[in-house]
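S.K.: The primary structure of each chain is shown beneath.
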Amino acid sequence: AQSVTQLGSHVSVSEGALVLLRCNYSSSVPPYLFWYVQYPNQGLQLLLKYTSAATLVKGINGFEAEFKKSETSFHLTKPSAHMSDAAEYFCAVSASGNTPLVFGKGTRLSVIA
Amino acid sequence: DAGVIQSPRHEVTEMGQEVTLRCKPISGHDYLFWYRQTMMRGLELLIYFNNNVPIDDSGMPEDRFSAKMPNASFSTLKIQPSEPRDSAVYFCASSLFQPQHFGDGTRLSIL
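Protein chains in written order, with the working numbering: chain B, 350 to 462; chain H, -7 to 103.
Calculated from the structure, these hints are not laboratory results.
Do not rely on the hints blindly, as some may be mistaken.
[Unchecked claim] The calculated label-pair distances, taken between Cβ atoms and stated as ranges, are:
#: 1; chain 1: B; residue 1: P428; chain 2: H; residue 2: V45; range: 32 to 38 Å
#: 2; chain 1: B; residue 1: S459; chain 2: H; residue 2: L88; range: 32 to 38 Å
#: 3; chain 1: B; residue 1: L405; chain 2: H; residue 2: P73; range: 46 to 52 Å
#: 4; chain 1: H; residue 1: S101; chain 2: B; residue 2: K417; range: 40 to 46 Å
#: 5; chain 1: H; residue 1: D55; chain 2: B; residue 2: P428; range: 46 to 52 Å
#: 6; chain 1: H; residue 1: S101; chain 2: B; residue 2: I409; range: 31 to 37 Å
#: 7; chain 1: B; residue 1: G446; chain 2: H; residue 2: N44; range: 15 to 21 Å
#: 8; chain 1: H; residue 1: V45; chain 2: B; residue 2: P379; range: 39 to 45 Å
#: 9; chain 1: B; residue 1: S375; chain 2: H; residue 2: E10; range: 46 to 52 Å
#: 10; chain 1: H; residue 1: P53; chain 2: B; residue 2: K454; range: 17 to 23 Å
#: 11; chain 1: H; residue 1: R1; chain 2: B; residue 2: T426; range: 47 to 53 Å
#: 12; chain 1: B; residue 1: Q394; chain 2: H; residue 2: E36; range: 29 to 35 Å
Virtual Cβ for every residue (Gly too), placed ideally from N, Cα, C.
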């Protein structure tokens, strides 16, 4: 069975500061890992995905994540936060290409001007 | 290119009424997923289909919930009778292979 733990339900950063959102996973098989973003009253939009290719994954809007098998982590980073990055971020794991996603509880990112 | 389309976007109804949520997946996608989002439980899978056939419905809370996929371009999630604890945002997602693409959700409020 898969599970995801997102450390910190709320993260606040200053505009221009580094964004670091933490995600640890548990999986009995090599996982597929994802980060999704949710803006208010909208659905989930894919930021990036890891599917056993390069361990450093680049996504949209300047975000990237690094898969670290030894630490079972898939943390999301962005060098410089923008006000428009304020949203809820979800880490998710899947056992294969077409099995359902198991989500973390989400991290709300606030960006302070 | 049209994404996953869900209707209605918002639904407010009284306890005991039947509720039907609708989803149109992306054309060509052969997997369809229904998820529910609540403050207490977060995002959780309710049921998913492959080629219109239900694969796993173990996440459906109880017999009051049912889901169908009569063809490749349409799915429904029905709650009958509805209860206040069913209030949540219900998402539909579709995929051909990962990743899944999500609709904007239906915000359901049961009074």
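S.K.: Tell me the numbers of any earlier hints that the structure contravenes, in ascending order.
M.R.: Those not satisfied are hints 1, 8, 9, 11, 12.
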